[in-house]
Structure formats: structure tokens, C-alpha cells
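Engineer: Could you slot chains B and C onto chain A? The hints should help.
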Amino acid sequence: MSSNDLTRRLADELHRLPLIDPHSHINPHAAASTTLADLLGYHYYTELAHSAGLPKSQIEEPGLDPKEKVHRLVGKLADLENTIQYSWLIEMCQVFFGFQDDRLTLANWESLYDTAAKKMAQPDWEEQVLKTSRLEQVFLTNDFDDPLTGFDTNRYIPCLRTDDLVFHLAKPETQQRLAKATGIAVSNAQTLVAALGKLFQHFTAHGCRACAISLPPSFAPEPVSANDVEAPLHAALTGKPLSACEATTLSNFVFWNLAQYCVEFKLPFDLMIGVNRRVYADGVYQGQDLFDQRCSLIQYQKLLNAFPQVTFPISVLANSSNHELVSYAWIFPNVVTNGHWWYSNIPAYIENDCRSRLQAVPQTKQIGYYSDMYKLEFGLPKFTMYRRVLAKVLADDFVIARGWSEERALELGRLTLRGNVQRIFGM
Amino acid sequence: MSSNDLTRRLADELHRLPLIDPHSHINPHAAASTTLADLLGYHYYTELAHSAGLPKSQIEEPGLDPKEKVHRLVGKLADLENTIQYSWLIEMCQVFFGFQDDRLTLANWESLYDTAAKKMAQPDWEEQVLKTSRLEQVFLTNDFDDPLTGFDTNRYIPCLRTDDLVFHLAKPETQQRLAKATGIAVSNAQTLVAALGKLFQHFTAHGCRACAISLPPSFAPEPVSANDVEAPLHAALTGKPLSACEATTLSNFVFWNLAQYCVEFKLPFDLMIGVNRRVYADGVYQGQDLFDQRCSLIQYQKLLNAFPQVTFPISVLANSSNHELVSYAWIFPNVVTNGHWWYSNIPAYIENDCRSRLQAVPQTKQIGYYSDMYKLEFGLPKFTMYRRVLAKVLADDFVIARGWSEERALELGRLTLRGNVQRIFGM
Amino acid sequence: MSSNDLTRRLADELHRLPLIDPHSHINPHAAASTTLADLLGYHYYTELAHSAGLPKSQIEEPGLDPKEKVHRLVGKLADLENTIQYSWLIEMCQVFFGFQDDRLTLANWESLYDTAAKKMAQPDWEEQVLKTSRLEQVFLTNDFDDPLTGFDTNRYIPCLRTDDLVFHLAKPETQQRLAKATGIAVSNAQTLVAALGKLFQHFTAHGCRACAISLPPSFAPEPVSANDVEAPLHAALTGKPLSACEATTLSNFVFWNLAQYCVEFKLPFDLMIGVNRRVYADGVYQGQDLFDQRCSLIQYQKLLNAFPQVTFPISVLANSSNHELVSYAWIFPNVVTNGHWWYSNIPAYIENDCRSRLQAVPQTKQIGYYSDMYKLEFGLPKFTMYRRVLAKVLADDFVIARGWSEERALELGRLTLRGNVQRIFGM
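Chains as they are written, first to last, in the numbering used here: chain A, 133 to 559; chain B, 133 to 559; chain C, 133 to 559.
The following block holds chain A by itself, in its conformation from the complex (with noise of 0.2 Å):
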């Protein structure tokens, strides 16, 4: 039995399976894409064609038509052919586009530019896109004033994403957002707690899954009292300058308190764990962020401790996380391990997680994929690069190594794609 076969044959069965995707920042109102600018726009290819030389003045010269921004994107393209996301934009182009190239270049990217088009202008592009993704659901990242209306949330699943309430409170705009939204003028502890709860209420009355929030290496949490939150609180509220004492204190009160919301309103908190923001600060849009692998699980102990009722879908943004990620999700039982995020999402990396997880955490714990796309067109080839490792994984370590049968395999990877979403976020 070749390993090469039975991998290939393993990826095929799994493609055939629906998806719920856990994990995306679609725009329910925009999900599709309209010309390929919105895919070349991606940040991983703005990016890394920056990357590799291109001037962040040529890709966001404002006005800039989106045609001639695929123009000048494809001219740096070579640059990065070898990399894994220019083979998931190869893959989209010859799937949804019918493009017959293995490379997208100056000779040949306007009449595909100009075939995406009309595809993308048919009014069921959406659907033909979901279709043949197999995409039936699809997690939000919504603000926490996010209206959630205007949109069918059975199939976009809202998800209240916290990060500017743990951040940014002490920004005016965050406040005049945090008081319209909820109703209420933010003045004390009190009243900061109410107006957290009025979102819950208002993102669980609309389908809501998960709370979710990324965090940086540093980020340690602790419980802070009603009572040591008012000075740093008050400080936030009348514009004056925070010490990096008093952001810490506020941060971990708001967060804390969300933590205690998700008991409350029973939804999974999805902890995004390790990313420094701005690093390079001359970057292209959403490609500035970075990290430093000097960070550690056990900065969330109290958290885990304090909150048995709570489930934590866990993401690490470095690979070396990932060993602390299994361990922590093979004791506690409200660990669960989530996707492979940002940096980590490359076969490479993919494949160790996938292979550790699998060997040490319980089935049911483990949440194999999201896509974090910005663009419905991108889960085709992410759930597809996420598939082909799975199945090399299942092949050699079970089918081969152990013994299972193909169906065995096949159920196993079909809880990890699938059953466990559905599980977890009660679906």
C-alpha cells in the first residue's frame, strides 16, 4: 500500500464532507468577492509582495482602481511563487475561474482578471462559491456594536470579538461605541459590567457562538475587584493617560468579566493567544503584526482554574506553543485545541500540530481547521491544504502505523473537520 495512494484516497472522502467553518472575518453583507483584487487585496499577498520588494505606496495609493492593483500585484508575483499562498491562488483560479496556467503573470492575468469578473458578477456567486466549498456555515467576526442584521446568522454565525473592549476601552471612540450600542454611559465598574452583559445579551438573541479575542505574548490574567478597577477606570473615562499598571488592571477586568459572561450565557471564549501588534510599523494593511514565542500557557492558569464551565477553543500563533497547547488540552478538561492560526498555517507546521494533537488529545477536544478568511472564495483552498495534511496524517500514524481500517481514519478526521464544531459550539 502506497502512502502516497492511500493519502490521496483519504483527502478525497474527506472533500466530500459539508464544512462549518469556526473561524472567518467575512463580510455577511460583501462574502464573496467582486473583481480578483479582492483576492490579490488579501494581506498575504499585499504582504508578502511587499515583502519581497514592492513599495506599500504602489499597493495602497489611495484612488487606486482595482484592476491596475492586480496589475502591479502580478508583476511581483514570481517573487513568490514557492510559497504556499500563491499555490491556494492558483487553486482558486483554476477551480472557480477555469484558468489553465500554473502561474499567474503579466501575459495572462487580464483576461483572467476580466473572466473573474463576470463570474463574480452573476447573482448567485455566493452560492456557486459555498457550493463548491461545500461551505455551509460560515463563524463572523463581528465587533461588538455590530447591528447583526441584514444577514442570515444561521449561515453566518455571529461571534462577539472582544479585543477593542480589553484594549482599547480607554480610547473616547471605544466608549461612544461601548454607550451607543448597549445604552448606557459607562461611568463605574457597575455600569461597565452591565453594558459587557447587554452585548452578550444582544449577540446571544442573534445566534451567537463564541466570544472571541486575540491576545498578545505578555497577556497574563487575573481577577481584578469591582473596587481596584474604579481608579484606572475613571482615568480611561475622563481621557487621561493610563500607566501600563493601570492598562493591565482595566484590561483584566473587562476581560475577566467576559469570561464570567461566557459562563453565564454559555458560549465557548476562543483565546487567539501570542500576537504582538505593529511590529513593523511601515507594513502594508494587516501586515504589520507579529510575535514572540517567549510566551506561555501557564500565564493562563488562574483563567483555566477559575472557569471549569467555560470552553476555550485555544489558537497559538507560534509553533513552538503548540507542545504546551497539547499538554494543557490533554489535563484541563475546558482546553480545546483550535485550528492552526496566521504564521502557524502552513503545511510544515501544520502537519507536527496535527500529528501531536491527534496522538495525545482526546477526539473530542480537538477543532482541526478554520479558515480566517476575509474572502468566501479562500475556504476552498485552505480547508483543502488543511485536508491533504489531515489525510497524510491519518494515513501514516493510524491506517498504517496502528492498524485502522480507512473508514476508522476517515471518522476521526471527520469529527476533527466537522463533529467537533458542532459539538462544541452547540450548533
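A couple of the hints might just be wrong.
Because identical chains cannot be distinguished in the list, a pair is counted as satisfied if it fits within a single copy or across any two copies.
Simulated pairs of lysine-lysine, DSS-like, Cα-Cα distance not exceeding 30 Å [what the hints assert, rightly or not]:
1. Lys312 x Lys251
2. Lys434 x Lys188
3. Lys250 x Lys201
4. Lys398 x Lys312
Calculated from the structure, these hints are not laboratory results.
Structural biologist: Then chains B and C, alone, in the frame of chain A:
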């Protein structure tokens, strides 16, 4: 030549080698199991079942009948079928009890339970297990006040475990145990050192082959003068609370003196580096510990330089520490790589760790594997798991990549599996 | 298609490519070896033999005859036969001296020694080695006061190594060397900056293509004003001891000005990040350094943002740092991945690192490999080791997984092996 066939052939050959297990938690007075509850009671199963949702109260109910305990755990096993630990269980049941299925379920567990109980009740069960597993000698983990009598110390090799002395000397219970074991009432640094010496005399007189300790990620040993330890020691002896700094001083003093005695008594000092205790305080018994990957062997620089005469077989808990371990064993004559510990003891991590060690550390400085087992039956599946990985690395990296003969590759395998254990521990 | 056959075919093709070695420690006045002692005297063999038990006094005995030195080292080689470094040795002996065995032992070493000595005495030995190894150009590591004369700077490319300036300027010897090399008596910040400028003039006038430095894990460069450095500099110049903080200020000042000169003189600045010097103080020559994995590229955030015009080819010592390197090269236009350094230079680590870089970093921003060699003969086996790993990754990830043609995969391989070196260092 198929890599899979070659691997299987090498694994089969390695399987014929009689083993010395250089680290276990076997109770020599009850080495083998008496019911399936002894197997399923291993913390890997209780903690994974608990992690998958089985309440601790169900597992640790006072007075729980062994059969009922197995019943409850089997009811949760479906969630763990993917884990490598589950595969150990099935392999034990198949090899030792003729179990025919590949899943242990509520439908088939009871007859297995009864079959196992009968087998385990045979007077020579312990001998049967040792023989089937090709285990010749097994190292123990003895409390410092273990009398070391009533068992064959040539089969079960005593090993002086020193965690209590280094980290819990401030507890009255530890002081009382030390006084009782040595006949010395510790009152100052001098009598403390004398008491430690008594322990080494006692242990080496009973065939002890190693001193051992597990250490938290923050530990960084330093020499402490007798003068500097008097105050913290006095506090400890009189029941006064120690500051963190005083506790560290006391730990360092004891630890450094243990290393000193290892020189005098010519004992290797097993360091098991990186565990944080009771991270998940509500976890099941032995299922509460985790780690912080932010740990470096540079913390042991002073120790390794100060004791060139002592061999330090080092185990690391975090997978990311393996590269340091490889490099420190490559440079320091007194550092030896030791097995694959706990959260790193799954094939995904063993394979990379084994590969890097075999490529860069002198072959005479590698202890391939230890079982860490509590019951004798686990030696078989654990060593089998390791031998498969070792055989794969020997096949890929030595026979295929370097053109070694199979016999030459097997010699290397036998050295890390057994030869080095024999030489390093002076058997 | 067998993956092993494909890998071999690709490796053979890559072997035909003439090489530019972008980092070595070759002495251009004595580039090739004169006896086997030059090969076995490489720190990999002396430190591994010492690690395996050969006393330092045996290896570094004053006045030791080269032949006797080889004799002693050969006597310990059996312990190292598993290491990849041993395989380099055997490959050199087979290719360069027609050695027929696959082990170097006390039974066969002497005739090899004599054969090698004869071959090495041939007047064109250096040319033979370069030709057999397909080495066209080799970068050097020059002391800042190297006259750079008496050798062909088109074959042996000068490179300004700056460790002494950044970390040892407080030593009178460094100050005297600097004064002699530049004709400038440093007395304050301004004259120090001027002296550094003189070095850049001298080096670039002699064809220097890079500035380079190795850095400890704790280093985190910051700009320092001329004003702020005056006090520490004055202390250094007058032989007063510097506090840790003052030493850091001085190091930062020099380092930042080196980067400034890299702008002016259009030189890439090679950063080799992560080495702790003299960790094992009693180790053999060059066998004393190790590392602390707790290091992050976030420490270089300010530098990378401040010098967008400077290309930084970055090497990392700890394997766990590779994910950060991949990610920083993916985002920062001025970060280039550079080779596989020292303790990471073994196939087990090269394979994962090479794989992740090829999947996520623009192909134009990757310098595949450098030899780091001290003697010319090592270029062959080291590059061969790398080419095999590279060929495997190209076979598995590109030809098999992505359906690339072999020729397309080879183009990618040639770019990382040679094309990028040429372009990045402006050859």
C-alpha cells in the same frame, strides 16, 4: 527497498533485545497488576477521561470498587481512541489477555476484566510479564526513607529520589522522615549534610544506581555556603514561613550537596527538568502537572561546570527544550540525553528528538528510553512504541540516507536501548 | 514515482551547480589543509571527542605533533560514528583521498594520513579542492584590522566581522588594533564613529560584500546618542571597569553606527543571533559556546524598522527560533533567511527549517546555505548534506505535493543555493 518494510524488520530485531528500564515508578512489592483497574487507573487514562468530561468525583470516589472504576472509565474511552495511550492499553490487552477486539467498550469490557483478573492472580504473573516484555532489570523511584528491603535489588534497582529533600524540607513531615531514616536530628547545615550522607550510604549499600530529581522550569542551581543556609534552615526547622528567596537558598543548598555526594558515591544524577506541579489543582491524582516552555539549560551552567565527575542523564519536559539538550550533550562530557519524558513521550515528538540526538550526540551518551511506568505491564507497549520510532529513524537516516548495513544500524539501536544504560549506571 | 529516487535525481542535478559560499572562516593565505590534523582539528571533532571522554589535555597538549593528534582523536572516533559530522569526515576522505572504508580506525588511519599528506602537498591542492567541490567564491570572516592583502579578493570575498568592536571595545587590545588599523586615536564618540567609517572604507575598497556579527541571546539593539555614550566610552578608554548597563550602552552605540555605515556603504549586515560564549569554560578550543533558547526577534524590532535600506541576512542558533525567522522574513522586506547555523546545522533541523522557509518566505529572500568552514575541504560534504535535504523538500513539497515539474523545482533550488547569494550580496 521499502522504508516501511525495512522499519518493521529493524523493529522486530530490536524487540529481541533484553531490556534494562532505567526509570520507572514500580513498587517492587507489588510490581504487576491485580485487576484491570491497575491498568486503567494509570494517570494517563484517568486524566484523559477526565479531560474528555468524566467528573473527578466519578473516578476518585472513596471506596470505589475496582471493577466499577473500570466500568466508569471504559464508558468514556471512546473519546480517547485516537491517543497513543489508548493504543498501549489495547496492545496490553491483546498480548497479555488474548483480547481479540481493537476497541474496549461497554459491550466487551467485563469478560476482559474477568479474564485479566484470573491471569493476574496466577502466582507467576510478575514473571510472565517480565518474560513477555523481555525486561531484565527495572530502576525504581524510591523515597529517601525507603528501607529498600524485601525485594530483589538486582532485579529492581533502587534509585534515590530527592524531590522532597530539595523542595519540601520545610515541611515537618519531611524533617521527621529524614530524622527517622538517618537517626540524625538535623539542627544546622552540618547535621543536614551529615543526614544526606547517611541516605547515600544506605542507598548505595542496597545497590542504588542513581540519584534523581524532577525540577520546575524556574530552577537554576547555585552553590550556597553553610553559613548562608543557616538562617533559612533554622526557619524551616522551627516552622517559620520562608520567603521565596529563603526557600530557594535552602533548595539550592540541599541540591548542591546531593551533587557533591554523587561525586563521592559515584552515582549519576538524573535531572528531569521542567515540570510545574499542581497547575490544574482540581485535576485527578497525578493529572495536575504541566509546564512552562520558557526554560533553558543555561540555568544549569554552574552545576555542569562544577561537577565534571558526575554524569547527568537529563530529561526535558517541553519539546522545545530538546534542541538545547542535544547541544548541551554534544558539548558537555557530563551531560547524557535521557529518554522521552511524559508530555514529550508521544511518537510525534520522540521521532524528531530521537533523530536529532542520533545525528549530533556521541552514541555512547544517549539513553534511548525508559518506561516511567507504575505497573509492570506498561513496559511492553511503551518500549514497543519507542522501538518502532527508533527503527524508523535507523532505517531512514542510517540505512537509506547513509548506506549503513542493517546490522550496523541495529548495533546503534542496541547501544541506545541497552548498552549505554548498562555502562552509564555501572551495572 | 518513488520519492527516494526523485530526491536522488534532484540532488544530483543540484550538485552540478557552481557555488558561492556566503559565510566561512577560511584563511585565504592557507585555505586548504596540509595534513589530516587540519580536518580532525575542526572543533566538531575535538569537541565531540572530548564530550565522549577524551581529555582536553590530550587534544590540546602544547607542541603536539599533527600526526599524534590525529592518532589520539581517531582512537575516540568510534563513539562519534553516528554523528553527521563523522559522515562529513568519511565523505571527505573517500572523495579527496580515495579512502575505501566506511570507518576511520586505529587500523587504517595511518596510511590515510600519509596519503592525505601527499595529496595536500601538491602545489595545486587548493585548486583541486575548489574544482572538485564546485566552489567558485568563498566569503571570509575578517578581523576588522585585517589588511586584506596578499590574496585574490575576487575568489575569497572579504567580510567585515565586528564582534570585537561591539562587545570588546573596552579591551585595550581592541583599542590599539583599531588605532593601528585606522590611524585614528579614538577619544570620544565622534572619533569612534570616524574610525568605524575608516574600516568600512578600507573593507569596501578591498571588495568586502558584507558586515557580520554574532550576538548573544540577550542582545536587543537600541539607538544611543553620541552624548549618552561619552561617559561609558571614556571609562572604556581609560581602563575603568564598566557596569553591565554602561557596557550595553557602548555596544549599542557601536552596533547602531555599524548599521548606519551599512546604509552608506550599501552592505548587507549578517546577524548571527543567539550564542552564549564560554558556557563550558573547560571545553576545548571553539567547543565552549552554547545558547539560551529564550530569545526573540522582537528584540530587533527597532533595528529592522530603523534601517529599511539595509538587508539583514539573519541566522538563528536555536531551532525554536526558526519560526520567528520565517515569519519576520515573510513580513519585513529587509530580513532574509540565512543558512543553518552551527547547532541547527544537522539534517533533522535543516529539513523542517528548509521546508517552512520554502513554504512561506518569498523565494528571492532565502540564502539556502553557507559552510561556516575553517578549511576548504569541508565545503564539499557540508553542501552535499544540505543539497540532499533541499532535494528531499523539493521532491516532497513541490514535485509530489504541488505537481511542479522537476525543472521548476530545480530552478527554486538553484535560486536559494546560488542566485540569491549573487543578487543579495551584489556580486
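Engineer: Now tell me if each hint is right for this structure.
Structural biologist: Here's how the hints hold up against the structure:
1. Lys312 x Lys251: neither (40 Å within a copy, 72 Å between copies)
2. Lys434 x Lys188: Between copies only: 19 Å across, 42 Å inside.
3. Lys250 x Lys201: Classified as within; 18 Å inside a copy, 65 Å across copies.
4. Lys398 x Lys312: Intra 25 Å, inter 54 Å, cutoff 30 Å: intra-copy only.
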